[in-house]
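Colleague: Below, each chain spelled out in residue letters.
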Amino acid sequence: MKKILNNPVDYVDEMLAGFTAAHPEFYRLHGDSGRVVARATAGKAGKVGIVTGGGSGHLPVFTGYVGPGLLDACAIGDVFASPSAEQMADAIRAADSGAGVLRLYGNYGGDIMNFDMAGDLVEFDDIRCTTVVLADDVASAKPDEADKRRGVAGMVYAFKIAGAAADAGHDLDAVTAVAQKAADACRSVGVALSPCTVPQAGKPTFTIADDEMEMGMGIHGEPGVWRGKLRSADAIAGEMMDRLLDDMPLGAGDRVSVMVNSLGATPPEELYILYRVVKARLDAAGATIVMPLIGRYATSMEMTGVSFTLFKLDEQLETFLKAPCDCAFWSVK
Amino acid sequence: MKKILNNPVDYVDEMLAGFTAAHPEFYRLHGDSGRVVARATAGKAGKVGIVTGGGSGHLPVFTGYVGPGLLDACAIGDVFASPSAEQMADAIRAADSGAGVLRLYGNYGGDIMNFDMAGDLVEFDDIRCTTVVLADDVASAKPDEADKRRGVAGMVYAFKIAGAAADAGHDLDAVTAVAQKAADACRSVGVALSPCTVPQAGKPTFTIADDEMEMGMGIHGEPGVWRGKLRSADAIAGEMMDRLLDDMPLGAGDRVSVMVNSLGATPPEELYILYRVVKARLDAAGATIVMPLIGRYATSMEMTGVSFTLFKLDEQLETFLKAPCDCAFWSVK
Amino acid sequence: MSLDVEALRAAAARLLVAMEREFDALNTADGALGDGDLGVTMARGMRAIGELAPALPADLGLALMQCAQAFTKTSGSSYGTLMATGLITMAKALKGRTTCEASEVSGLIAAARDAMQARGKAELGGKTVLDSLDAMAKATAGLTDAAETANAAADAARAAQEELRLKPATIGRARIFGEKTIGMVDPGMQAMTAIAAAIAGRG
Amino acid sequence: MSLDVEALRAAAARLLVAMEREFDALNTADGALGDGDLGVTMARGMRAIGELAPALPADLGLALMQCAQAFTKTSGSSYGTLMATGLITMAKALKGRTTCEASEVSGLIAAARDAMQARGKAELGGKTVLDSLDAMAKATAGLTDAAETANAAADAARAAQEELRLKPATIGRARIFGEKTIGMVDPGMQAMTAIAAAIAGRG
Ligand SMILES: Nc1ncnc2c1ncn2[C@@H]1O[C@H](COP(=O)(O)OP(=O)(O)O)[C@@H](O)[C@H]1O
Ligand SMILES: Nc1ncnc2c1ncn2[C@@H]1O[C@H](COP(=O)(O)OP(=O)(O)O)[C@@H](O)[C@H]1O
Ligand SMILES: [Mg+2]
Ligand SMILES: [Mg+2]
Ligand SMILES: [Mg+2]
Ligand SMILES: [Mg+2]
Chain A
0 MKKILNNPVD YVDEMLAGFT AAHPEFYRLH GDSGRVVARA TAGKAGKVGI
50 VTGGGSGHLP VFTGYVGPGL LDACAIGDVF ASPSAEQMAD AIRAADSGAG
100 VLRLYGNYGG DIMNFDMAGD LVEFDDIRCT TVVLADDVAS AKPDEADKRR
150 GVAGMVYAFK IAGAAADAGH DLDAVTAVAQ KAADACRSVG VALSPCTVPQ
200 AGKPTFTIAD DEMEMGMGIH GEPGVWRGKL RSADAIAGEM MDRLLDDMPL
250 GAGDRVSVMV NSLGATPPEE LYILYRVVKA RLDAAGATIV MPLIGRYATS
300 MEMTGVSFTL FKLDEQLETF LKAPCDCAFW SVK
Chain B
0 MKKILNNPVD YVDEMLAGFT AAHPEFYRLH GDSGRVVARA TAGKAGKVGI
50 VTGGGSGHLP VFTGYVGPGL LDACAIGDVF ASPSAEQMAD AIRAADSGAG
100 VLRLYGNYGG DIMNFDMAGD LVEFDDIRCT TVVLADDVAS AKPDEADKRR
150 GVAGMVYAFK IAGAAADAGH DLDAVTAVAQ KAADACRSVG VALSPCTVPQ
200 AGKPTFTIAD DEMEMGMGIH GEPGVWRGKL RSADAIAGEM MDRLLDDMPL
250 GAGDRVSVMV NSLGATPPEE LYILYRVVKA RLDAAGATIV MPLIGRYATS
300 MEMTGVSFTL FKLDEQLETF LKAPCDCAFW SVK
Chain C
0 MSLDVEALRA AAARLLVAME REFDALNTAD GALGDGDLGV TMARGMRAIG
50 ELAPALPADL GLALMQCAQA FTKTSGSSYG TLMATGLITM AKALKGRTTC
100 EASEVSGLIA AARDAMQARG KAELGGKTVL DSLDAMAKAT AGLTDAAETA
150 NAAADAARAA QEELRLKPAT IGRARIFGEK TIGMVDPGMQ AMTAIAAAIA
200 GRG
Chain D
0 MSLDVEALRA AAARLLVAME REFDALNTAD GALGDGDLGV TMARGMRAIG
50 ELAPALPADL GLALMQCAQA FTKTSGSSYG TLMATGLITM AKALKGRTTC
100 EASEVSGLIA AARDAMQARG KAELGGKTVL DSLDAMAKAT AGLTDAAETA
150 NAAADAARAA QEELRLKPAT IGRARIFGEK TIGMVDPGMQ AMTAIAAAIA
200 GRG
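Residue numbers (numbering that gives the first Met the number 0), protein chains in the order written: chain A, 0 to 332; chain B, 0 to 332; chain C, 0 to 202; chain D, 0 to 202.
Okay, chain A solo, but in the shape it has when bound (with noise of 0.2 angstroms):
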């Protein structure tokens, strides 16, 4: 948990400048408030632009995700803060080339406020907009509140299945049905066994006894359904997929998605210890793994744990998710 930075104030500030000066050729930051990230290449006039927001610290989400096949644009908070209406008004302003744009992101109380507000504030620029939250996280509510869960791995597929559909020429209200569909088949269960450090906190998160793990864990540290002693590999997968089918049965015939997620300390090495986990118990299940995601996607800076989404997919999903995408952290061919 130990971090390299200089002034924790200047976190955000000085990894977009060092993100930005690394990759021009996917991103350039888009007026001044410095906190939005847009494509450096804008996508084709008249397409829907899809836009997100977020805190940072997640790396690759949110801003690593901009580029073609993707996000247009986003607005990045300071670690695991939302960024201000402001900033996100811009990013909204930055994604629209006339179509409209949508507005995905997590379900995080700052976050849906502020973006509520840009909504309110980019009307006057004549800006259609519309919304999808995502709230992937089983761990966080039961399925009768399911749309107070929260946003986790799960985004990623959302950002990648809006972003081919909005490639592919689909208007708004078609993009937007794309993206909840995608947001309604994925769930999301993680597992954390050591905290992060907010940089301007300057002390961890949570603490977590050498020996403990909490399962259901969110991405900021959030609490979980148990904490004890830490078991084995098997014993997690087990567990999480367990509540992963609970919530969203899967059978014969069924094609789904998987993301094997790192938080960031967990190393491949693991992630592919649990992986034969997660394919066994699909396999067993009759249903068939389209592309496995393993690997960093959605992380919580130097947490040590791992996420579990699963991505049942449809044909047109699965379309999507095989469109061609690019960015500096992941890139469909």
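Simulated from the structure, these hints should not be mistaken for laboratory data.
It is possible that part of the hints are untrue.
Each computed PhoX-like pair below joins lysine-lysine, with the alpha-carbon atoms no more than 25 angstroms apart [unchecked claim]:
1) D:K166 / B:K147
2) B:K141 / B:K180
3) A:K332 / B:K332
4) B:K180 / B:K311
5) D:K179 / B:K141
6) A:K141 / C:K179
The calculated label-pair distances, taken between Cβ atoms and stated as ranges, are [as the list claims (entries may be wrong)]:
7) B:K43 / A:A322: 26 to 36 angstroms
8) A:N6 / B:K43: 47 to 57 angstroms
9) B:E314 / A:L28: 32 to 42 angstroms
10) A:K332 / B:V289: 15 to 25 angstroms
11) C:L51 / A:E314: 49 to 59 angstroms
12) C:G95 / A:R127: 27 to 37 angstroms
13) A:A251 / B:A279: 56 to 66 angstroms
14) A:G33 / B:A234: 21 to 31 angstroms
15) B:A176 / A:K321: 33 to 43 angstroms
16) A:E24 / D:D113: 56 to 66 angstroms
17) A:K332 / B:S96: 22 to 32 angstroms
18) B:S96 / A:N6: 49 to 59 angstroms
19) C:L51 / A:D12: 15 to 25 angstroms
20) C:G95 / A:F123: 13 to 23 angstroms
Here a beta-carbon is modelled for each residue, glycine too, at the ideal position from N, C-alpha and C.
For chain A, the structure is supplied; the task is to place chains B, C and D with the ligands on it using the hints.
Modeller: Frame of chain A; chains B, C and D with the ligands shown alone:
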């Protein structure tokens, strides 16, 4: 430093099971030791084979870089332990398609002895082998003992160049020569903030105080040049650049690729903060940065820390660096 | 005595001191139930207001609007956004005026409360800053003296905080903790108690 | 008394016990100067040999070759590879024979030492397992009694370890520590001391 695993003895085998199940389009197990990974689709007949090998725990190094435009096969040892000579011989056989095989690996005693022994074994198969040993870590020996240096993240550049040269149809001597040129043009240095745990050892490889860092530490926790209080990102990056540029001065007109590599737990956010300094220093020297690589290219599981690698290019090296390649962790288009 | 931009500047100075002092306490309270950043939000917001305080215009509406923008620029946290929403509402009501009477304060707080409720879609009684504002609006209704008004607001904020402490959180990140939050102070209410105390000159 | 496969089996059993016991000690010694895996290497190697011990053929050459392969299969560490190299050398010398005299032991150790030196390209006096073997070969030269030979080898291994302790490491991972290694035991020599002691039945 908490790990998600089953029986530590099975760490590598379970990792490889998940790894090959996840990416069948890139990797397949070869032979029956279970520790040799070859390209899913063999390279062109008559192409020089590129083989590497080394301990596990460094993903994407070594196994991850098997793929088109990169390596042909790899022998994988236990965590931080050389594979056996027999496994290496198997990897050499997998890589061979009649034009000979370049053994390209890091400068570690166990790996050298075993690759030498493996060479003896495949002599019976009439496979001609050459060797380039990678020794890019400036912190591990003075310039006059440069052949004693450890191989670290610069290995990735050597894999890329050798793979591109082989794919371009060059013969064994030419591929070996350009791989050696690439090896000679790489300089790396690392800094570690926290250790990692070898599964079978069960405790961290080294200990370091909460407010300390070690400059120059190797990727297995080998000693560096100093240990002291944790410094600011800019101070750390500045010293690392000093050490690299002292060893390989760069000036106006030079073209160089740089890798800012996380050893595992250090998140990309912090790599970008460091990259600002790398870029500023090279800009000031008048050197041009080509294809910067910022991410996790050569790791030590969950170790906290970073390494920088400078790779000085000539026209041939730049062409090979930019040639297409593909694997589950890195692709150039 | 009516309130003017000088009073606003003085209050901003006191608020900055108070929020720097409460930095750790608010982070800790928020850390127990949320993401531990409320102290950061408040300190940054107040610092930004502090920076523009000397140049605030005499028009109270414009001045409050600038304060609101300072808040939204430094932070997008729930609390920052709600604060900005409340300030904008008050700014609109005071636009073009250089003074404001103590008797108007209750109405201004109530208007802020309603706008913030619309923005955050939370109910009253949900153990949030809305309950602080609701109590403050009620306690200051009918008062005409500035000091009396400020004191009544500060007392009401503290009383509301203690009253709601006994209820479970239903809103924001704290909601997930459910019944466990009974007995715990809502960090946003704790912040409003500190704000009201600082405005009343209690430190 | 000449040595046969039964003696080899008995030695293997003692070595397995010894290496399980020294697991932590060898990891720790290697961790101070290297990568902390020497205990793992030795325990795994000896376990593999233990597994095939009951089925070892009477031909000592074949038997030792199988032991060498067991070592290379379980580990590619420097020490494992050097051990295998040494065993292969002895295996070649004993091929086709079912017994071996104590008087031959010195020559076999010396041959192993030379082959391992050729493989690892290290000098004698460099504070490695080569120095243990060199001392053992010299101390057993001219001896004809099995017990006496085993004891002389065990004594020599320990003496060499203590003597070289005062020199800096020049080889392998430990080299980087330079002068700091003066006073520290080389983990590979420590392992060889334990091996020789176990063969001599000292536990
Ligand atoms: N929807 C809402 N309506 C009213 N008040 C809210 C709402 N959401 C949060 N709050 C208040 O804000 C406080 C948390 O603020 P903050 O730490 O900024 O939130 P976050 O970090 O989750 O964005 C809560 O204690 C509560 O008083
Ligand atoms: N080139 C060499 N020649 C002789 N002995 C060596 C050589 N390299 C290492 N050793 C011996 O092996 C021991 C370390 O073994 P091991 O832990 O297996 O190495 P590693 O883990 O570095 O591969 C050293 O203490 C030394 O005695
Ligand atoms: Mg927050
Ligand atoms: Mg080793
Ligand atoms: Mg908060
Ligand atoms: Mg070792």
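Colleague: Decide, hint by hint, whether the structure agrees.
Modeller: The hints, checked one at a time:
1. Restraint check: the Cα-Cα separation between K166 (chain D) and K147 (chain B) comes to about 20 angstroms, which is no more than 25 angstroms; the hinted pair holds.
2. Distance check on the hinted pair: K141 (chain B) and K180 (chain B) sit about 20 angstroms apart at the alpha-carbon level, within 25 angstroms; holds.
3. Proximity of K332 (chain A) to K332 (chain B) is assessed by CA-CA distance (about 10 angstroms); at most 25 angstroms being required, the pair is judged to hold.
4. Distance check on the hinted pair: K180 (chain B) and K311 (chain B) sit about 10 angstroms apart at the alpha-carbon level, within 25 angstroms; holds.
5. For the given pair, K179 (chain D) sits about 17 angstroms from K141 (chain B) by alpha-carbon distance, which is consistent with the 25 angstroms threshold.
6. Taken as a hint, the K141 (chain A) and K179 (chain C) pair is honoured in the structure, with Cα atoms around 17 angstroms apart against an allowance of 25 angstroms.
7. Hint check: K43 (chain B) to A322 (chain A), Cβ distance near 30 angstroms, so the stated range 26 to 36 angstroms holds.
8. N6 (chain A) and K43 (chain B) have their C-beta atoms about 53 angstroms apart, which keeps the hinted 47 to 57 angstroms range intact.
9. Judged by the Cβ atoms, the range 32 to 42 angstroms given for E314 (chain B) and L28 (chain A) holds: they are separated by roughly 33 angstroms.
10. Checked against the hint of 15 to 25 angstroms, the pair K332 (chain A) and V289 (chain B) passes, with Cβ atoms roughly 23 angstroms apart.
11. In this structure the hint that L51 (chain C) and E314 (chain A) lie 49 to 59 angstroms apart at CB holds, the actual value being about 56 angstroms.
12. Between G95 (chain C) and R127 (chain A) the Cβ separation comes to about 33 angstroms, which falls inside the hinted range of 27 to 37 angstroms.
13. Separated by about 58 angstroms at the C-beta atoms, A251 (chain A) and A279 (chain B) satisfy the suggested range of 56 to 66 angstroms.
14. For the pair G33 (chain A) and A234 (chain B), the beta carbons lie near 24 angstroms from each other, so the given range of 21 to 31 angstroms is met.
15. Checked against the hint of 33 to 43 angstroms, the C-beta distance between A176 (chain B) and K321 (chain A) comes to roughly 41 angstroms, which is consistent with it.
16. The hinted range of 56 to 66 angstroms is satisfied by E24 (chain A) and D113 (chain D), whose Cβ atoms lie roughly 58 angstroms apart.
17. At about 25 angstroms, the beta-carbon gap between K332 (chain A) and S96 (chain B) stays in the expected band of 22 to 32 angstroms.
18. A beta carbon spacing of about 55 angstroms between S96 (chain B) and N6 (chain A) agrees with the range 49 to 59 angstroms that was offered as a hint.
19. A beta carbon spacing of about 20 angstroms between L51 (chain C) and D12 (chain A) agrees with the range 15 to 25 angstroms that was offered as a hint.
20. Range check, G95 (chain C) to F123 (chain A): about 22 angstroms between beta-carbon atoms, so the 13 to 23 angstroms window is met.
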